[in-house]
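Turn these sequences into a full structure, and let the hints steer you where they fit.
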Amino acid sequence: FEGIWGYEDTVIPDIQRAILSRHNINLLGLRGQAKTRIARMMTLLLDEYIPVLSGTELNDDPLNPISREAKDILKEKGDEAEIHWMHRDERYTEKLATPDVSVADLIGDVDPIKAATLKLPYSDERVIHYGLIPRSHRGIFVINELPDLQARIQVALFNILQEGDIQIRGFKLRLPLDIQFVFTANPEDYTNRGSIITPLKD
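172 is the number that full-length UniProt numbering gives to position 172 of the sequence shown; each next residue is one higher, with no gaps.
FYI, nobody ran anything at the bench for these hints, they're computed from the structure. Watch out, some of these pointers could steer you wrong.
Here are the simulated BS3-like cross-link-like pairs (lysine-lysine), alpha carbons at most 27 Å apart as the crow flies [what the hints assert, rightly or not]:
(1) Lys119 with Lys71
(2) Lys114 with Lys172
(3) Lys75 with Lys119
(4) Lys172 with Lys75
(5) Lys172 with Lys119
(6) Lys75 with Lys114
(7) Lys114 with Lys95
(8) Lys71 with Lys172
(9) Lys77 with Lys114
(10) Lys114 with Lys71
(11) Lys172 with Lys95
(12) Lys119 with Lys77
Simulated restraints, written as ranges between beta carbons of each label pair [claimed, not checked]:
(13) Arg135 with His23: 18 to 24 Å
(14) Val155 with Tyr49: 34 to 40 Å
(15) Lys172 with Glu80: 30 to 36 Å
(16) Arg126 with Tyr7: 44 to 50 Å
(17) Arg126 with Asp178: 51 to 57 Å
(18) Pro13 with Ile113: 45 to 51 Å
(19) Leu45 with Glu188: 16 to 22 Å
(20) Val155 with Arg135: 16 to 22 Å
(21) Ser102 with Gln162: 16 to 22 Å
(22) Lys114 with Glu76: 32 to 38 Å
(23) Met41 with Asp105: 40 to 46 Å
This structure is a prediction, so every number in the text was calculated from the model and none was measured. All C-beta atoms, glycine included, are put in the ideal place defined by N, C-alpha and C.
As C-alpha cells, then:
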C-alpha cells in the first residue's frame with residue numbers, strides 16, 4: 001500500500017490476513033485515516049486484465065458463468081462466444097451510504113420497460129435489472145459510512161454476505177457472487193446518524 005504510512009505493523013498485516021482468508025473487511029476509523037484510500041488501492045492486488053463474456057451484465061467468467069444470460073450465450077455460441085478483457089480499475093465499485101439508498105440500487109429490481117420491450121412475463125428471470133452489488137461480480141465493492149444505511153438494507157446485505165442469496169421482488173436467486181466487500185465506518189458518527197445491525201456486526 002504505497003503512500004500509506006504508520007500502518008505497517010498494525011492495519012496492513014490485518015488486511016493481508018483478511019484478504020487471504022477471504023473475509024469481508026470493515027475499516028473502522030476517524031476522518032482522514034485513509035480508509036477509502038486503502039480500499040481503492042486494493043485494486044492493485046487484482047490481475048491486470050481478466051476475460052469477461054461480452055453481452056452480460058454480471059462480468060461473467062467464460063469458463064464459469066453464473067447468470068442465465070451468460071449460460072444462454074454459451075449454449076448458443078459455444079467456443080465462438082465473444083469475450084473482452086476487463087482492466088482491474090473497472091472491477092472497483094464504490095457507494096456512499098446515504099439514507100436514500102434503496103435495495104433496488106444495491107441489489108436490483110424488476111424492470112417493467114425491459115419486460116415490455118422483450119415481451120416477457122414478470123415471472124421470467126430476464127426482466128431483472130441488477131443493482132450495483134451483482135454488477136460487481138469478480139471485483140471489489142465498497143460501501144462508505146456503513147452505519148448510515150437503513151436497517152432493512154443492512155438486512156438485505158447480511159443475506160448476501162451470509163448466504164449468497166439475492167432476493168429481488170419474489171425471485172430467489174442463488175448467485176455464487178465472487179466479491180470482496182469492504183466497508184468503512186466512523187465510530188464518532190454512530191450515535192448521531194445510525195448504527196450497524198447486530199447480525200451484520202457479527
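Compare the distance between the alpha carbons of Lys172 and Lys119 with 27 Å, and conclude whether the hinted pair is satisfied. With a Cα-Cα distance of about 22 Å, the restraint between Lys172 and Lys119 holds, given a limit of 27 Å.
Status of the given 30 to 36 Å range, CB of Glu80 versus CB of Lys172: 33 Å, holds
How does the Cβ-Cβ distance of Met41 and Asp105 compare with 40 to 46 Å: does it lie in that range? Taking Cβ atoms as reference, Met41 and Asp105 lie about 25 Å apart, which means the hint is violated.
Quick one, are Lys114 and Lys95 close enough, alpha carbons at most 27 Å? 25 Å, holds
Can the suggested window of 51 to 57 Å be confirmed for the beta-carbon pair Arg126 and Asp178? Distance hint for Arg126, Asp178 is violated at roughly 22 Å.
Consistency of beta-carbon spacing, Arg135 to Val155, with hint 16 to 22 Å: Once the Cβ atoms are compared, 21 Å apart, the range 16 to 22 Å for Arg135 and Val155 holds.
At the C-beta level, are Arg135 and His23 separated by a distance inside 18 to 24 Å? 22 Å, holds
Can you tell me whether the CB distance of Ser102 to Gln162 sits inside 16 to 22 Å? 21 Å, holds
A range of 45 to 51 Å was offered for this pair. Does it hold for the Cβ distance of Pro13 and Ile113? 49 Å, holds
For the pair supplied as a hint, Lys114 and Lys172, is the alpha-carbon distance within the 27 Å limit? Holds. Lys114 to Lys172 sits at ~19 Å (cutoff 27 Å).
Restraint check for Lys172 with Lys75, where alpha carbons must lie at most 27 Å apart: Holds, because 23 Å separates the two Cα atoms, which is no more than 27 Å.
Just to be careful, I want the Cα atoms of Lys75 and Lys119 compared with a cutoff of 27 Å; is the pair within it? Holds, at about 22 Å.
The structure fails to meet hints 17, 19, 22 and 23 from the earlier list, while all remaining hints are met.
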